[in-house]
Amino acid sequence: MDEKELKKLAQLSRIEVGESELKGLQKDMGSILEYVSRIKEAPHTAPKDGEESLRNVFRDDTAPHESGAYTEDIVREVPKTSDGFVRVKKIL
Amino acid sequence: MSIDLKKLTITEAHTRLAQKDWSALELTDAYLSVIEERDPAIHSYLEVFDDARENARRADALIREKGKDIHPLTGIPFSIKDNILIKGHVASCGSKILEKYRAAYDATAVVRLRDEGAVFLGRGNMDEFAMGSSTERSAFGTTKNPHDISRAPGGSSGGPAAAVAMGGALAALGSDTGGSVRQPASFCGIVGLKPTYGSVSRFGLVAMASSLDQIGPFAKTAADARIIFEAISGHDPMDSTSLPDRSGQKAERSEKLTIGIPSFMDEVKVDDDVLKNFEESIAILKKMGHTITTVVLPNVQYSLPVYYIIMPAEASTNLARFDGVRYGLHKEGENLFEDYTKTRGAGFGAEVRRRILLGTYVLSAGYYDAYYTQATILRRQITADFENVFADVDAILTPTSPTPAFALGERTDDPLRMYSSDVFTVPANIGGLPALSIPSGFVKRGTASLPVGLQFTGAHLDDSLLLDIGEAFERETEYSFIV
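These protein sequence lines map, in sequence, to chains C and P.
Going by my numbering, the first residue of the first sequence is number 1, and it counts up by one from there.
Going by my numbering, the first residue of the second sequence is number 1001, and it counts up by one from there.
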């Protein structure tokens, strides 16, 4: 993985990576990717997508809690708030 | 009054509490004084709760009310891993990004323990976001192995394991994504159970890799681990992957079992002393009347590479929520994007960043099929291989880890070497299977005696059978638990 690719990846991951860390990260990522690439040697005879037993599970939309019951507990942990709302910088 | 904690089990403590020989407060105080005396050197706790004694008084009220009918966990002091939420208490996940985060709700496992009157002593140290095998990745200092403080207690649940091993808690809750309960249990000489995926609710466990994570108990005996497992397991509507309550246990099996040793053990470099101990354990199991056989799991050698694709992929997704907006650390940037990158750059440690980057890579366009899709296909294949083998054997046996506790600092510069300590534990997470680590003796390193563990992996929902085997094995081998 070259430096440009790593920087792009850091940006996609929303993580600031210092210049001094890049070399070490490049080496570690390289050796981990080389290791996990072993799976390409494996014969894959398993069912392809669509044949597995995984399914999505939704909770029934019943017995809603009283509006605002948890607001105080949750907003207490928000770094920046304004009148009980979460405050963020302008996006546009 | 002095309470000897060395050989104390939950079963014994329950009897003494029910008979009113001790009060829950006296028992909690006994543990708090061990923590005060020993934890400065071990650092198994990130915080000792100021309401621990209040918990104990509540347990004493339950004992007064119910007498001998109290639950076996009433008044039992626990260490709780720092990624399991207790409302009102900090849950930092060993990370700077959540250093001051106070949980807004309780984990289901915590509610179930509290309902039975368990006492929470404090939060157990861990590798940041449970990413590590030594507790050296905690942002708040390394936990030391109570058997030899120059060595790692294992990880990522090293704090809770070390707390139990040093007599600083009678039991603990950890979480196991690739071995994070079993490997520290093995390094610290105690019992650790990774339950069947879905049998214990993950609600209130801070997610690392959701399809692999499972809360599990630490205890000194298999019987104690069973008491905790039975209390915390069961369906929870708040966890969509939680299994329905069991309509009945699997059919009783004969006491003479068939136990398989996977042939891939030959391909793994196992420490000579650990191997010798393993062979001694096999001899004990044979003497107990079990049949030992070799089994072939054709794809199991791919478990660790599959794990290091699926786990970072899920972790990179799960940890996207730590953005400095809704909770935890916030660092100011020029714009919202910079708020994110600065917050996450400052808040996450090296291993967490590495895994997020890796996960983002294997999920990105162009690499997704080669890595993530291929890993999920292999995962299904490995799971099917296990199902085939469990048609012939009752359990699969390996050492828990290929080595005893390694020296602190020995593996921190080499991620792959650190990852290799989970080679025997990861397959159970890949397959969603239960696995139990129990102490199988000690090996010598210099003047230190280091514990090693034996791992039994079972078929889906065979948690109880594993605990049966563990209890029977313990009866054959008397190890002293505590150092």
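No lab work stands behind these hints: they were computed from the structure.
The beta-carbon is built from N, C-alpha and C at its ideal position, and this holds for glycine as well.
Honestly, I wouldn't trust all of these hints.
Here are the computed lysine to any residue pairs in the SDA-like style, where the Cα-Cα straight-line distance is at most 25 Å [what the hints assert, rightly or not]: (1) C:Lys-7 - P:Pro-1040; (2) P:Lys-1087 - C:Asp-83; (3) C:Lys-80 - P:Ala-1207; (4) C:Lys-27 - C:Glu-16; (5) P:Lys-1087 - C:Leu-92; (6) C:Lys-89 - C:Arg-76; (7) P:Lys-1100 - C:Leu-92; (8) C:Lys-27 - P:Leu-1257; (9) C:Lys-27 - P:Glu-1476; (10) C:Lys-89 - P:Glu-1332; (11) P:Lys-1287 - P:Asp-1392; (12) C:Lys-23 - P:Gly-1345; (13) C:Lys-8 - P:Glu-1476; (14) C:Lys-89 - P:Tyr-1101; (15) P:Lys-1287 - P:Glu-1476; (16) C:Lys-8 - C:Gly-24; (17) P:Lys-1287 - C:Gly-24; (18) C:Lys-8 - P:Thr-1317; (19) C:Lys-4 - P:Lys-1287; (20) P:Lys-1342 - C:Thr-62; (21) C:Lys-8 - P:Asp-1392; (22) P:Lys-1331 - C:Lys-27; (23) P:Lys-1096 - C:Pro-64.
A few chain C positions that, by computed beta-carbon distances, are all more than 10 Å from chain P [said to hold, decoys possible]: (24) Asp-2; (25) Gln-11; (26) Glu-19; (27) Ala-42.
Structure-based check of each hint:
no.: 1; hint: C:Lys-7 - P:Pro-1040; result: violated (41 Å)
no.: 2; hint: P:Lys-1087 - C:Asp-83; result: holds (24 Å)
no.: 3; hint: C:Lys-80 - P:Ala-1207; result: holds (24 Å)
no.: 4; hint: C:Lys-27 - C:Glu-16; result: holds (18 Å)
no.: 5; hint: P:Lys-1087 - C:Leu-92; result: violated (37 Å)
no.: 6; hint: C:Lys-89 - C:Arg-76; result: holds (19 Å)
no.: 7; hint: P:Lys-1100 - C:Leu-92; result: violated (31 Å)
no.: 8; hint: C:Lys-27 - P:Leu-1257; result: violated (47 Å)
no.: 9; hint: C:Lys-27 - P:Glu-1476; result: violated (48 Å)
no.: 10; hint: C:Lys-89 - P:Glu-1332; result: holds (10 Å)
no.: 11; hint: P:Lys-1287 - P:Asp-1392; result: holds (21 Å)
no.: 12; hint: C:Lys-23 - P:Gly-1345; result: holds (17 Å)
no.: 13; hint: C:Lys-8 - P:Glu-1476; result: violated (57 Å)
no.: 14; hint: C:Lys-89 - P:Tyr-1101; result: holds (22 Å)
no.: 15; hint: P:Lys-1287 - P:Glu-1476; result: holds (10 Å)
no.: 16; hint: C:Lys-8 - C:Gly-24; result: holds (16 Å)
no.: 17; hint: P:Lys-1287 - C:Gly-24; result: violated (51 Å)
no.: 18; hint: C:Lys-8 - P:Thr-1317; result: holds (17 Å)
no.: 19; hint: C:Lys-4 - P:Lys-1287; result: violated (61 Å)
no.: 20; hint: P:Lys-1342 - C:Thr-62; result: violated (40 Å)
no.: 21; hint: C:Lys-8 - P:Asp-1392; result: violated (50 Å)
no.: 22; hint: P:Lys-1331 - C:Lys-27; result: violated (28 Å)
no.: 23; hint: P:Lys-1096 - C:Pro-64; result: violated (34 Å)
no.: 24; hint: Asp-2; result: holds (13 Å)
no.: 25; hint: Gln-11; result: violated (8 Å)
no.: 26; hint: Glu-19; result: holds (12 Å)
no.: 27; hint: Ala-42; result: violated (5 Å)
Checked against the numbered hints given earlier, the structure breaks hints 1, 5, 7, 8, 9, 13, 17, 19, 20, 21, 22, 23, 25, 27 and satisfies all the rest.
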